[in-house]
Amino acid sequence: MTAIQAKQKRGVTTMRADRRFQEGVWNTLAGVGLVAFLVIWLFPVFWMGITSIKPNAEITRQEAPLGVAEPTLDNFTFLFDTENRVQFVRWSLNSLMVSTATTLLSVVAGTMAAYALVRFKLIGGSAMGLGIFVTYLLPQTLLFIPMTYIVRQLNLYDNLFALVLVYPTMMVPFCTWLMMGYFRAIPSDMENSARVDGATRWQAFYMIALPLARPGIISASIFTFTLSWSEYLYALVLMPSSANQTIPIGVPNALSSGDVFIWGSLMAAALLGSLPVVLVYAFFMRYFVSGMMVGAVKG
Amino acid sequence: MAQSKTLYTGAANAESTGVRATLARWFDDEQRLGYLMVAPALLLLIIMVAYPFVLSIWLGFTDTRIAQEATGNFIGLENYIDLINRTLFREKVIRNTLLYTVGAVPLKLVLGLLLALLLNRRFPLRNAVRGLLLLPWVIPTSLSMITFLWLFEPTFSVLNFLLEGAGFSPVNWLGTPNTALFSVMMVNVWRGTPFFAVILLAALQGVPDDQVEAARIDGANTLQRFWYIVIPAIMPVVVVSTLFSLVRTFAEMEIVWILTNGGPFNSTHMIGTYAYQLAIKNARIGEGAAVSLFFFPVMVLVVWFQLWYLQRRAQ
Amino acid sequence: MKNLSRRNFLRLGGLSALGAATAFNPLGNLIVSAQGSEISLQTWGSFITTNNALLEGALATWASTNDASVSVNFTGFDALADTLSTAAATGAGPDAIMMLHARPHQFAEALVDVSDIANAIGEANGGWFPVAEEACVVDGVWRAVPFFVAAHAMVYREDLFAEAGFDAFPETYDDLLVAGTALKEMGMPLGFSLGRADGDGNNFVFSVLWSFGGAVTDEEDNIVLDSPETRMALEYIQQLYNDAMDPNVASWDDGANNRAFLAGEVSCTNNASSILWAGRNDAVEFADSINHALYPAGPAGRNQFGQVHSYGILSSSENIDATKEMLSFINSDTVWQLLGADGFAFLYPMFRSLEDDPNMAWNADEKLGAFKGLAEDVHTHGWPATPSAAASQVASDFVLSDMFGSVAVGAASIDEAIETAIEQIETIYDA
Numbered sequence: 001m002t003a004i005q006a007k008q009k010r011g012v013t014t015m016r017a018d019r020r021f022q023e024g025v026w027n028t029l030a031g032v033g034l035v036a037f038l039v040i041w042l043f044p045v046f047w048m049g050i051t052s053i054k055p056n057a058e059i060t061r062q063e064a065p066l067g068v069a070e071p072t073l074d075n076f077t078f079l080f081d082t083e084n085r086v087q088f089v090r091w092s093l094n095s096l097m098v099s100t101a102t103t104l105l106s107v108v109a110g111t112m113a114a115y116a117l118v119r120f121k122l123i124g125g126s127a128m129g130l131g132i133f134v135t136y137l138l139p140q141t142l143l144f145i146p147m148t149y150i151v152r153q154l155n156l157y158d159n160l161f162a163l164v165l166v167y168p169t170m171m172v173p174f175c176t177w178l179m180m181g182y183f184r185a186i187p188s189d190m191e192n193s194a195r196v197d198g199a200t201r202w203q204a205f206y207m208i209a210l211p212l213a214r215p216g217i218i219s220a221s222i223f224t225f226t227l228s229w230s231e232y233l234y235a236l237v238l239m240p241s242s243a244n245q246t247i248p249i250g251v252p253n254a255l256s257s258g259d260v261f262i263w264g265s266l267m268a269a270a271l272l273g274s275l276p277v278v279l280v281y282a283f284f285m286r287y288f289v290s291g292m293m294v295g296a297v298k299g
Numbered sequence: 001m002a003q004s005k006t007l008y009t010g011a012a013n014a015e016s017t018g019v020r021a022t023l024a025r026w027f028d029d030e031q032r033l034g035y036l037m038v039a040p041a042l043l044l045l046i047i048m049v050a051y052p053f054v055l056s057i058w059l060g061f062t063d064t065r066i067a068q069e070a071t072g073n074f075i076g077l078e079n080y081i082d083l084i085n086r087t088l089f090r091e092k093v094i095r096n097t098l099l100y101t102v103g104a105v106p107l108k109l110v111l112g113l114l115l116a117l118l119l120n121r122r123f124p125l126r127n128a129v130r131g132l133l134l135l136p137w138v139i140p141t142s143l144s145m146i147t148f149l150w151l152f153e154p155t156f157s158v159l160n161f162l163l164e165g166a167g168f169s170p171v172n173w174l175g176t177p178n179t180a181l182f183s184v185m186m187v188n189v190w191r192g193t194p195f196f197a198v199i200l201l202a203a204l205q206g207v208p209d210d211q212v213e214a215a216r217i218d219g220a221n222t223l224q225r226f227w228y229i230v231i232p233a234i235m236p237v238v239v240v241s242t243l244f245s246l247v248r249t250f251a252e253m254e255i256v257w258i259l260t261n262g263g264p265f266n267s268t269h270m271i272g273t274y275a276y277q278l279a280i281k282n283a284r285i286g287e288g289a290a291v292s293l294f295f296f297p298v299m300v301l302v303v304w305f306q307l308w309y310l311q312r313r314a315q
Numbered sequence: 001m002k003n004l005s006r007r008n009f010l011r012l013g014g015l016s017a018l019g020a021a022t023a024f025n026p027l028g029n030l031i032v033s034a035q036g037s038e039i040s041l042q043t044w045g046s047f048i049t050t051n052n053a054l055l056e057g058a059l060a061t062w063a064s065t066n067d068a069s070v071s072v073n074f075t076g077f078d079a080l081a082d083t084l085s086t087a088a089a090t091g092a093g094p095d096a097i098m099m100l101h102a103r104p105h106q107f108a109e110a111l112v113d114v115s116d117i118a119n120a121i122g123e124a125n126g127g128w129f130p131v132a133e134e135a136c137v138v139d140g141v142w143r144a145v146p147f148f149v150a151a152h153a154m155v156y157r158e159d160l161f162a163e164a165g166f167d168a169f170p171e172t173y174d175d176l177l178v179a180g181t182a183l184k185e186m187g188m189p190l191g192f193s194l195g196r197a198d199g200d201g202n203n204f205v206f207s208v209l210w211s212f213g214g215a216v217t218d219e220e221d222n223i224v225l226d227s228p229e230t231r232m233a234l235e236y237i238q239q240l241y242n243d244a245m246d247p248n249v250a251s252w253d254d255g256a257n258n259r260a261f262l263a264g265e266v267s268c269t270n271n272a273s274s275i276l277w278a279g280r281n282d283a284v285e286f287a288d289s290i291n292h293a294l295y296p297a298g299p300a301g302r303n304q305f306g307q308v309h310s311y312g313i314l315s316s317s318e319n320i321d322a323t324k325e326m327l328s329f330i331n332s333d334t335v336w337q338l339l340g341a342d343g344f345a346f347l348y349p350m351f352r353s354l355e356d357d358p359n360m361a362w363n364a365d366e367k368l369g370a371f372k373g374l375a376e377d378v379h380t381h382g383w384p385a386t387p388s389a390a391a392s393q394v395a396s397d398f399v400l401s402d403m404f405g406s407v408a409v410g411a412a413s414i415d416e417a418i419e420t421a422i423e424q425i426e427t428i429y430d431a
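Chains as they are written, first to last, in our numbering: chain A, 1 to 299; chain B, 1 to 315; chain C, 1 to 431.
Hints are not guaranteed to be accurate.
What the hints assert, rightly or not - Examples of chain B residues toward chain A, derived with CB under 7 Å:
hint, residue
1, Glu30
2, Ala41
3, Gly131
4, Pro136
5, Met299
6, Leu301
Said to hold, decoys possible - In silico EDC-like pairs for lysine to aspartate or glutamate, Cα to Cα no more than 20 Å straight-line:
hint, chain 1, residue 1, chain 2, residue 2
7, C, Lys184, C, Glu109
8, C, Lys372, C, Glu355
9, C, Lys372, C, Asp357
10, C, Lys184, C, Asp218
11, C, Lys184, C, Asp159
12, A, Lys121, B, Asp63
13, C, Lys184, C, Asp167
14, B, Lys281, C, Glu109
15, B, Lys281, B, Asp63
16, B, Lys281, B, Glu69
17, A, Lys121, A, Asp189
18, C, Lys184, C, Glu171
19, C, Lys372, C, Asp333
20, C, Lys372, C, Glu171
21, C, Lys184, C, Glu158
22, C, Lys184, C, Asp243
23, B, Lys281, C, Asp82
24, A, Lys121, B, Glu30
25, B, Lys281, C, Glu426
26, C, Lys184, C, Asp174
27, B, Lys281, C, Asp78
28, C, Lys372, C, Asp356
29, A, Lys121, B, Asp28
30, B, Lys281, C, Asp430
Treat the hints as calculated values from the structure; they're not laboratory data. Ideal placement from N, C-alpha and C gives every residue a C-beta, glycine not left out.
With the rest of the complex left out, here is chain A (with noise of 0.2 Å):
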């Protein structure tokens, strides 16, 4: 062995020793940075959980907030317990229906219209584009008054199916650029050679494009779910009844009045109320990711 090759063995040594280094310290970087990213974004859910389960009594105690002495389930049991005016069963439901049913809507209609706008040379198609796109800037504040004029219009005041036609306003601006761009990332080959296969062009649409859109509607889904569950302004002032509110106002509404807040259950209400959504995130997460990542880049 020359000195010359020595020399290089051992200074690819120290640069393999450099580069195993190097990815300790950025792994334990990485690893502290996550650690207070939980802390950090997990503390006030976790707060959530500690309030919702202290009796009455120690939610307002100033010792050891971060502990429960007497862990109870009471501030549960309140939510479902019909003498107190809560009706969390009812407003779940309520919000569920409304939830699924705007999602069903937003995502068929953005769909189609996505595709229709991508892959048809419609007259006018690029001004509609746009005109859908326009939409989903316009604030809440701005279109509630006229929006809830029509809902009268349409006998449909403090009725659910209010919510189920009013939400979709937000929802399908959003799913139709989301699919725009999912549509356009999916080569139109298959749907040409189905087409000379002697397939009308809606069954290339269906058949063929829908199948393999099917993470961008997932994401879509997802999407208008979430939001669509979290929803409050139009909420507030179309549902005036009780029975017929959703979670995000229902709960406020009912557990706190003037100035008596029931702390502990409406941190439980908060937490069982995002049960659902969580659950649908656990089951398509994997989709959620790579479905909005397709429709952004291409957007």
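Based on the hints, put chains B and C in the right spot on chain A.
Same frame as chain A, but now just chains B and C:
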């Protein structure tokens, strides 16, 4: 696809006859089918958005007040001129909205990107952690804001309990103009960062591994690889998600409304809350519409920029 | 919190026996019209949950005897205001809705004339308090039926005041400052909200301004805020804040003073009876030391703000007559015997006949005695002028709270604070 001929039973072949086939052929026209497919979305938006929007623009030019028959007169740009002349609007509402947006959006982007990079690594329980970190975005805002009310409570703030435990003095989170704006901004960052992270995580997974690996072999260190390979690759997603967030943050209402109601001393009043206060609480819907529409031209520019950027990139 | 006690159940049960009594009806000729009507009522959901149950139960009994149906929606104060606005703007809403303060003036054109029943109820019950007329009569026409005044008082800890050497609650604001200074030195300051609290905060700042002789406008709606009296009030609050108050009051919402008081952080605040109610309900250790007193008097006397609650019938209602009949029933002796006894003086009728009724909470519970007669001499937004939409807006925009609060914490000088307030008030009154 040899068998595909048998697949398309409702085939629009020229030789098929019968009502069904005729219908199928009729609908197979690109324009006809296209408009039919766009129609549901378009109709909904025209009836439920375009009409209210036009009505709102009209309202913005009138002195309309709820339950005042004598109002509703066209007054041109008077609402807008009035607004500019109002110290409250100029020095509080606009200032707060801009600070809030300019403060929160970049922070959400940077933290979201950082979080996405962290979540993109291999570590135990990765899917569970990804799911957990989405919670702030998933919990209905009206309910999570009640948690923050409780976290910021002047007397019972557990944040102050922790600060004092660490030897710092307590903070009056929502009680002074500067801390209040900072606090609501941080809450917005708390809620918005996870969403940025998920979208950017998706983008990161789309960065081609071979390019990163090639750069590594060429001797680029982690930071260089990130800066020269990863960032350009995810740029379109960064632009789109940032602009989306800009629009949403600018029109934010719920967080501020529930936490501070615009206070203290209007130091957190913003476009969204001020419009609501005027239109609903004070029944001045003409003025409220004008507030909401004040920055609409800017929003349109933002969208235009976004579409232009994406189009240019696509070419 | 399951405190629908046996006593209340009995009362509810007794109601059906009282079915005949529901024939109480100042406008007997309307009885027929209620038949088959579906009336919707939106009202405030009380923190005293038994009260809601009593009201709903009473209305159900009334509905069944009158062959009508009533759906009651209990909501928070904010939601009441939002629904009212939306309903008035679009014509979609409940038949009757609860309104706070001087809102009947603001929404007069969307409300039905209810002079017939309002006058009948008043005459049958010893007459209305002046503030009822102030809030509900617009150009000589009753636009809402008064229901109750959420009377506010000083809520204080007798034990702590005694410890500091004060056996009775201070009669004047000056004395309050003296007592508060001593109490703050003991580590138990006073706490009056100077923040965005539509109930407690506005109640306090309007009362202080008026008691020092200041006002937003004079009787002819001329803006007169910039006066020596206003400056005196501001200087007083500045000193009270520095020497006698909890430093966080500028961010207190309606609930913050309840929590601080019940946690033993402050010795006195201004509130309705909800603190005592919660103190007993949660068995707070000093619950027995909680008492109420009248607001102190200022140089211009004791000019207190009163939070009026009334029911308006929206002109979009298709059941106007039946709804009128229902509102008469709500203000009947039958219902008030239930609500007044159970309502902890939070619900204080706006007519005089029940003042001395021994069953009413303000007579039955000595700690609530301060509320008795309080409603005789209170005012609503706009006083001394007639209330108006503009006067309501001054309150809902928190112009006065901001003025007092910013001076107290030192965010603005007295001149700056008055200038800021006046610019906002001018916009409100001009535009």
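Next on the checklist: With the threshold set at 20 Å, check whether the alpha-carbon distance from B:Lys281 to B:Glu69 stays at or below it.
Outcome noted: Roughly 18 Å separates the two Cα atoms, so the pair holds.
Item to check | Given hint C:Asp218 paired with C:Lys184 - CA-CA distance at most 20 Å | outcome: Since the Cα atoms of C:Lys184 and C:Asp218 sit roughly 36 Å apart, the hinted pair is violated (cutoff 20 Å).
Checklist entry - Straight-line Cα separation of A:Lys121 and B:Glu30 no greater than 20 Å? => result holds, 8 Å
Checklist entry - Are B:Lys281 and C:Glu426 close enough, with their CA atoms no more than 20 Å apart? => result holds, 18 Å
Checklist entry - Are the Cα positions of C:Lys372 and C:Asp357 separated by 20 Å at most? => result holds, 11 Å
Checklist entry - If you draw a straight line from the CA of C:Lys184 to the CA of C:Glu171, is it 20 Å or shorter? => result Roughly 19 Å between the alpha carbons, so the hint for C:Lys184 and C:Glu171 holds.
Next on the checklist: For C:Lys184 and C:Glu158, compute the direct alpha-carbon distance and say whether it is at most 20 Å.
Outcome noted: Within the cut-off at roughly 15 Å; holds.
Checklist entry - When you check the alpha-carbon spacing of B:Lys281 and C:Asp82, does it fall within 20 Å? => result holds, 7 Å
Item to check | Restraint check for C:Lys372 with C:Asp333, where alpha carbons must lie at most 20 Å apart | outcome: holds, 18 Å
Checklist entry - Is the Cα-Cα distance between B:Lys281 and C:Asp78 20 Å or less? => result holds, 9 Å
Checklist entry - Can B:Leu301 be said to touch chain A, with a Cβ gap under 7 Å? => result Result: violated, 11 Å to nearest chain A Cβ.
Checklist entry - Per the CB criterion, is B:Ala41 less than 7 Å away from chain A? => result holds, 4 Å
Going through the hint list in order, the structure does not satisfy hints 6, 7, 10 and 12.
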